[in-house]
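Novice: Listed below are the residues making up each chain.
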Amino acid sequence: MSFFSTRMLAASAFALMAAAPLHAKTFVYCSEGSPEGFDAAPYTSGTTFDASGHAVYNRLVQFKPGTTEIEPALAESWDVSEDGLEYTFHLRQGVKFHSNDKFTPSRDFSADDVIFTFERQASADHPWHEYIPGVTYEYYSSMEMDKLIKSIEKVDDHTVKFTLNQPEAPFLANVAMPFVSIVSKEYADALEAAGTREDLNNAPIGTGPFRFVAYQKDAVIRYQKNADYWGEAPKIDDLVFAITPDASVRLQKLKAGECHLMPYPAPADLEDIRADPNLKLDEQPGLNVGYLAYNTTVAPFDNPQVRKALNMAMDKQALIDAVYQGNAEIAKNPIPPTMWSYNDAVEDDKFDPEAAKAMLEEAGVSDLSMEIWAMPVQRPYMPNARRAAELIQSDFAKIGVKVEIVSYEWGEYLKKSMEEGRKGAVILGWTGDNGDPDNFLTVLLSCAAAAPGGANRAFWCNEEFSDLLAKAKAASDHDERVKLYEEAQVIFKEQAPWATLAHSTQYVPMAKNVTGFVQSPLGDYAFDTVDLAE
Amino acid sequence: MFRFILKKLLYLVPTMIGITLVAFGFIRLLPGDPVLLMAGERGVSPERYAQIAAQLGYDKPVWQQYVHYLGNLLQGDLGNSLVTKKPVLDEFLALFPATVELALVAIIIATVIGVPVGVVAAIKRGSWFDQISMTGALVGFSMPIFWWGLLLIILFSGVLGWTPVSGRISLMYFFPQVTGFMLIDSLLSGDEGAFASAVSHLILPSVVLATIPLAVIARQTRSAMLEVMGEDYVRTARAKGLSPRRVIAVHALRNAMIPVITTIGLQVGVLMAGAILTETIFSWPGIGKWMIDSISRRDYPVVQSGLLLIAAIVMIVNLIVDLTYGLINPRIRHK
Chain V
1 MSFFSTRMLA ASAFALMAAA PLHAKTFVYC SEGSPEGFDA APYTSGTTFD
51 ASGHAVYNRL VQFKPGTTEI EPALAESWDV SEDGLEYTFH LRQGVKFHSN
101 DKFTPSRDFS ADDVIFTFER QASADHPWHE YIPGVTYEYY SSMEMDKLIK
151 SIEKVDDHTV KFTLNQPEAP FLANVAMPFV SIVSKEYADA LEAAGTREDL
201 NNAPIGTGPF RFVAYQKDAV IRYQKNADYW GEAPKIDDLV FAITPDASVR
251 LQKLKAGECH LMPYPAPADL EDIRADPNLK LDEQPGLNVG YLAYNTTVAP
301 FDNPQVRKAL NMAMDKQALI DAVYQGNAEI AKNPIPPTMW SYNDAVEDDK
351 FDPEAAKAML EEAGVSDLSM EIWAMPVQRP YMPNARRAAE LIQSDFAKIG
401 VKVEIVSYEW GEYLKKSMEE GRKGAVILGW TGDNGDPDNF LTVLLSCAAA
451 APGGANRAFW CNEEFSDLLA KAKAASDHDE RVKLYEEAQV IFKEQAPWAT
501 LAHSTQYVPM AKNVTGFVQS PLGDYAFDTV DLAE
Chain B
1 MFRFILKKLL YLVPTMIGIT LVAFGFIRLL PGDPVLLMAG ERGVSPERYA
51 QIAAQLGYDK PVWQQYVHYL GNLLQGDLGN SLVTKKPVLD EFLALFPATV
101 ELALVAIIIA TVIGVPVGVV AAIKRGSWFD QISMTGALVG FSMPIFWWGL
151 LLIILFSGVL GWTPVSGRIS LMYFFPQVTG FMLIDSLLSG DEGAFASAVS
201 HLILPSVVLA TIPLAVIARQ TRSAMLEVMG EDYVRTARAK GLSPRRVIAV
251 HALRNAMIPV ITTIGLQVGV LMAGAILTET IFSWPGIGKW MIDSISRRDY
301 PVVQSGLLLI AAIVMIVNLI VDLTYGLINP RIRHK
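Residue numbers (the UniProt record's numbering), protein chains in the order written: chain V, 1 to 534; chain B, 1 to 335.
Just chain V, with the same shape it has in the complex (with noise of 0.2 angstroms):
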């Protein structure tokens, strides 16, 4: 869209809101940065998510809110073929698409929007896969989907049948993440028409909880409560994004009462936050990792035994205390406890460096050198890498193993940490996508991520432990999945390709009268919920 249209289109958006009556209640949120745009499909940001996704859009299934279980969305129901390959979807009727000033639906949500949905991902010879310059779908290649999904077949208006290449448990999880946010094949064909296929990223279309209005590049984004919603209607009436990216003013603008509600506070603000009456502050325990992961491929790295007398030497609650400033939990398996199949049986290694030492000897290393890598980024799941370094080179300096920290630019470490042969351990983290612990382990410690391009930065490969998790990926029971995970975390503990150091808290602060706010264990920021109250 040029510049021109772009005021039109905020032009004309005012005159639609100047149309409607005053509205009563304004939500505004202090988000954390600009989305990249509206067609949540080519990006991967969950800033984007939350602008776009969650806001405008609806999936064929999704999240109930708070948790990582599958509810039905648009999808009112499914069925899954004996042998786990076809999922069949039926559809929710009478569901509507907004309208805005130059477009307005003519029919219902229907099969033709799953296909086209999917399928612009799907197929490079698609009309509408490159329908910007450089639009790529990385989120639907990441995951697989293009592996996965052997075909999509519309049955009859309301129903949809995918049809896998393998039986995938995790399906469903996927089908219910942003990135395949049901669009409108009407609207794409109307824009076609006036030749404006950018506006699919500009001016979004969905049936979800809002009406995008109006986007101000990095100042302010505008929605309204979609009237027509199938859902349970939103009870505000306006939403606003006003962009904010520094954590100390969003806190300011929130005590000002400018906004209601923000993400990601610094952490050396909570004590602040809590102390103010006229604030609450909503704590939940974040759906990630932090780890150190060895190279399981290079010695002495290559002994379990060395690997778990390097873990019982690390004093993770001084870890936690100075990186996270305590707002974490020290974690002892790879997934975090709020995910299903957490083996809460698991014992973590003892924090112990004499018997640390005397199992290095045991091993046979003496005058063990080493690097530890600390990541150049904050994250979530590692406040601060540098310092976390620190702590463990001064742990293993007891124990008689000298540590280098090194450190790269972001894209170079990423790289490299994935370069094979690499010396020294790495410490990164994950958040989950979907909740689904094959989202953990599958992406971050299987075989097959041990390849360039996979994220297995310990290049563990662990026959058993892929095996099971192969097993629980095809498996339909959802018992049998939790028991197959159960014991891959046992086997995981056991070989110690990682040093699990932390899961972190997630906050969020908002106003006294905010209501209805339910924090997603993904990071998702939705307000189909929320209410002010007098």
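Just so you know, these hints were derived from the structure itself, not from any lab.
This one's a predicted model, so the numbers in the text were calculated from it and none came from an experiment.
Now the stretches of chain B that chain V is said to cover, found in silico as 3 or more residues with beta-carbon under 8 angstroms:
hint : stretch
1    : 24-33
2    : 88-97
3    : 170-178
4    : 284-291
Here are the computed distance ranges between Cβ atoms for each label pair:
hint : chain 1 : residue 1 : chain 2 : residue 2 : range
5    : V       : 101       : B       : 73        : 27 to 37 angstroms
6    : B       : 73        : V       : 452       : 28 to 38 angstroms
7    : V       : 193       : B       : 75        : 22 to 32 angstroms
8    : B       : 76        : V       : 268       : 45 to 55 angstroms
9    : V       : 90        : B       : 76        : 48 to 58 angstroms
10   : B       : 170       : V       : 387       : 34 to 44 angstroms
11   : B       : 196       : V       : 268       : 32 to 42 angstroms
12   : V       : 127       : B       : 159       : 50 to 60 angstroms
13   : V       : 90        : B       : 73        : 47 to 57 angstroms
14   : V       : 193       : B       : 76        : 25 to 35 angstroms
Chain B regions said to be covered by chain V (calculated; three or more residues, Cβ under 8 angstroms):
hint : stretch
15   : 39-46
16   : 51-63
17   : 78-85
For glycine and all other residues, C-beta sits at the position ideal for the given N, C-alpha and C.
Got chain V; can you put chain B on it based on the hints?
Specialist: Just chain B, lined up with the frame of chain V:
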């Protein structure tokens, strides 16, 4: 005069080519690349990487990419952002008015306060006013902008509640952007209170952005004044029996203004640099923050074309400054 302008304009051409080279080269010299940064912790397979690189044209030798870039530039195509996929020019135009508005107000504040303070400090050299204002200028010049901005927010918005924390206008007001300048658009909107809201949002960021230029201008004015006050023509003017006010305003200040104007012109570059921090603190949707974000994401097209646009503007402003010398100093005009 015409030849003077033409000559200056011709100088711009090699400078612009140099800037394209520098901008194009430097962002590529930085380690890290956009595809890897987009993939993040998850990583990207070598095949997928090659596919994306080919789609973006980054598989070709760098000189070919450069030639391709120059070719597109000559056709007026500045490229599309790798992150938002939108044309760089559209993004620039959407954000630029906010930066200009902030910078203009800041430079006006800096000049309107800085010049008189410098003049008075020079005339009353050694007085308490001189001492205090020059110490203040030194402090202002050394002020870490980020800290200073946050301090003002906490004091004036947090504790006293006099000014809004951040943004360009209260979210209550929602009107079409006609010029992109909030002060003008708010007047055009006809909404009662909109203009006042826009002004109140501008106060803190423009004061923060004006701090360093104000200090520089005050000090520069003072030393320029001191210099001309010792000149023969000032002594002559005094000897003629002119009033002190006339000696200072006409004979001294006009001559002292030449280096001051150069300084003000050079501050445009400083304002652009200061805007990066100021815009980040005050959530001001301008080009400074846009550039920083693009560099950290290795958004090559935005960095190389954005830098080119900013450089062109700084050069044009400097050209205008050069031309104003002519108005003040006849010797340059007649050369």
